[in-house]
Structure formats: C-alpha cells, structure tokens
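Trainee: Given the sequences, and given the hints that come with them, work out the whole structure.
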Amino acid sequence: MKEGPPVLPPWIEGFIDKTVQMLQNDMLKKKIQILILEPFLQYIIELVFPYVIIICVVFGIMFFMMISIIGLLVFRSSSAASLTS
1156 MKEGPPVLPP
1166 WIEGFIDKTV
1176 QMLQNDMLKK
1186 KIQILILEPF
1196 LQYIIELVFP
1206 YVIIICVVFG
1216 IMFFMMISII
1226 GLLVFRSSSA
1236 ASLTS
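According to my numbering, numbering within the sequence shown proceeds without interruption in unit steps and concludes at 1240.
Just so you know, the hints here were simulated from the structure itself, not pulled from any lab data. Heads up, some of the hints might be wrong.
Unchecked claim - Taking lysine-lysine pairs in the DSS-like style, the calculated list, with each CA pair at most 27 Å apart, reads: (1) LYS1184 / LYS1173; (2) LYS1173 / LYS1186; (3) LYS1173 / LYS1185.
Mentor: Shown next, in the form of structure tokens:
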C-alpha cells in the first residue's frame, strides 16, 4: 500500500507559503546574503584556510620526493646499463 506525502496542518502550509512569498523579494534576498551568507562563508574560509595551506605544502613535498625518486631510478638504471656494456 502506497502512502502519499504527509498531510500538513493548514497553519504550517500557510507559514510555508508566506515564507516562500517573502523569499521572492529581491531586497530580502540581498539582505540575507549580506548579513548571513557572506559572514558565514568568510568564517568557514578562515577556519579551513590553514588546512588548505598544509595540504598544499604536503602535496608539494610528496611531488618533489616522487620526482626525485624517479630521477634517481632512471639515473641508476642508465648508469648501471652503461657500466655493464
């Protein structure tokens, strides 16, 4: 037996309709963006930024180490090949 969507009381549906209607206002959207979203995003960026820097440094060190290891392997294999011939 399939159940349909839950039936909401009329006062909740009215509240949702009024909220949706209010959010259609461009001035209110701009106010929400300036007063809520931008400070929240700025705060999140301030919290995450040090970790991003650490990840970039670790990635750079790992990349340098991989290139060094590959270079050493190629150099040793080419020098070993020239010694045996």
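Trainee: Run through the hints listed earlier and report the numbers of any the structure violates, in increasing order.
Mentor: Result: no hint breaks.
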